[in-house]
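J.: As you go down the protein sequences, you meet chains A and B in turn.
Heads up: the first sequence runs through residues 1 to 285, numbered per this note's numbering.
Heads up: the second sequence runs through residues 1 to 245, numbered per this note's numbering.
These are computed hints drawn from the structure, not numbers from a lab.
Here a beta-carbon is modelled for each residue, glycine too, at the ideal position from N, C-alpha and C.
Each hint should be verified, as a subset may be incorrect.
What the hints assert, rightly or not - Covered by chain A, according to a simulated footprint, are these stretches of chain B (three or more residues, beta-carbon under 8 Å):
| no. | stretch |
| --- | --- |
| 1 | 75 to 82 |
| 2 | 98 to 107 |
Unchecked claim - To give an idea of the interface, some chain B residues facing chain A are shown, with a C-beta separation under 8 Å as derived from the structure:
| no. | residue |
| --- | --- |
| 3 | ALA49 |
| 4 | VAL71 |
| 5 | TRP178 |
| 6 | GLN181 |
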Amino acid sequence: MVRRYRSAMSDPAPARWLLIAVTLGFLGVFLLLPLITVFVQALWQGIGTYWNALAEEDTRAAIRLTLLTAAIAVPLNTLFGVAAAWTVAKFEFPGKNLLTTLIDLPFSVSPVIAGMVFVLLFGAQGWFGPWLSAHDIKIVFALPGIVLATTFVTFPFVARELIPLMQAQGTEEEQAAMTLGAGGLRTFWHVTMPNIRWGLFYGVLLCNARAMGEFGAVSVVSGHIRGFTNTLPLHVEALYSDPGEYSAAFAVSSLLALLGFVTLMLKNFLEWRHGDELAALRGKA
Amino acid sequence: MDISVRQLGKKYAAVAALHGIDLDIASGELIALLGPSGSGKTTLLRAIAGLEPIDSGRILFGAIDATRLSVQERQVGFVFQHYALFKHMSVLDNVTFGLRMRRRSTRPPRAEIRRRGLELLKLVQLDGIADRYPNQLSGGQRQRVALARALAIEPSVLLLDEPFGALDAKVRKELRVWLRQLHDETGYTTIFVTHDQEEALDLADRVVVMNAGAIEQVDTPAMIARQPKTPFVAEFIERKAAATT
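Looking at chain A on its own, in the form it has when it is part of the complex:
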């Protein structure tokens, strides 16, 4: 018994090294190499060209549009996510499973379809198209459409992080706050919020990363007007398909790669610093 136990605990050294080598090799080829390629290509023609590509008028417009879109979509989904998680985690009502399934819908639907839906609804030939053009409101091929598509695609991030967390925490602390005289809003701010803040931050982080990086859905509704309706990912594609701007495409890509990198660092920092609170979340997810 004892011998079997020991051999189960420590695989033979060659097997261990092989496993580590395969894992690291896989990570290197599929994750690290592409990331390095992006930065190498971006800086291929020197730092001067790199800066020029980033300082170019259309690129700056794309950066502004991406930031603006995220600045609208992320707070919206944060509000929605907290409300939805609160509803699902703290109340019992008929149709609750359906609601939970619906929250996940944007994850299961291809982003292209998500974009198409908004074109079908608000495009010139769409259901509300005539009414919108009569009132001179532009949604598709303009900022509102981009924000709508981004919001739709990034809809589940915050809610999905918070639901398991809030379910694990239960409602006893809220009940205690109520018996002590705190109303609904004060209970939320003083009791619920501090308990979910790191999970919430985590969800917002992922939501933001996706909001800034979304390509498919935004591509359908944007119309690809350079300098006006191109977000960063769309701008990368536009530059990339232009043979003269090959390295500019990588320069702009490096910004997105950097965003991903910063997101990961923050995520790891959160897990390291507030692992206990997030454990409840990971355990159930």
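Add chain B to chain A, keeping to what the hints say.
T.: Then chain B, alone, in the frame of chain A:
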């Protein structure tokens, strides 16, 4: 404050239903709700607090019909079985929460809130740990913080759900004696839920024995032990006594 329960009914409940409960509690009494799990004792306690909606009947706090009051308006001091301390707040902040949540017109000044918090911690013999956090405390200490927090709002009634359930036997006995002393000092009308007959008979002025959502007997511990009114009471008291010896 006197507490009266009149024909309280609850058809569907997660834990247990209640059927036409009538109960009168005099001001300053220490009452035990005793029964097996599923007997409705916790549901009754939560109904008095306003945490559990009821289907029929009335609950009176003195002359006031509390049935129509919200949880907040009832001003009950509720001690949860697992204490439900606010994890992210220091012990002192936990205790003063009720005072800090008051409307500005009735809220004491900061220094006064702090003074009263420290005074309560002294009352529950926890002075010196005001700045610690709940996860740094032992079970018995958490229990007393929860009690101090409930007392801070000067409750109309003190309600305790299985107050010693999560503690080991030795601490349980100590806290029992201590709770009795605290009750005699402060004079709050107190109702606690327990499934432990020894605890109920030892501690309470009167014991309410419950079974299947109804009250079997309400009496002093001596009368319950000597003259059980129903076979259920007799058996519950006896079986429990046999189990604990």
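J.: If a hint holds in the structure, say so; if it does not, say that too.
T.: Each hint, compared with the structure:
Evaluation of the coverage hint for the stretch 75 to 82 of chain B: fulfilled, as 6 residues show C-beta separations to chain A shorter than 8 Å, against a requirement of three. Counting residues of the stretch 98 to 107 of chain B whose beta carbon lies closer than 8 Å to any beta carbon of chain A gives 3, which meets the minimum of three for the stated coverage. The interface hint given for B:ALA49 is met, as the beta carbon of that residue sits about 6 Å from the closest beta carbon of chain A, less than 8 Å. For the restraint placing B:VAL71 at the interface with chain A, the shortest Cβ-Cβ distance is roughly 4 Å, inside the 8 Å limit, so the hint holds.
Checking B:TRP178 against chain A: minimum C-beta separation of about 22 Å lies over 8 Å; hint violated. A least Cβ separation of about 24 Å between B:GLN181 and chain A goes past the 8 Å threshold, and the interface hint is therefore violated.
The structure fails to meet hints 5, 6 from the earlier list, while all remaining hints are met.
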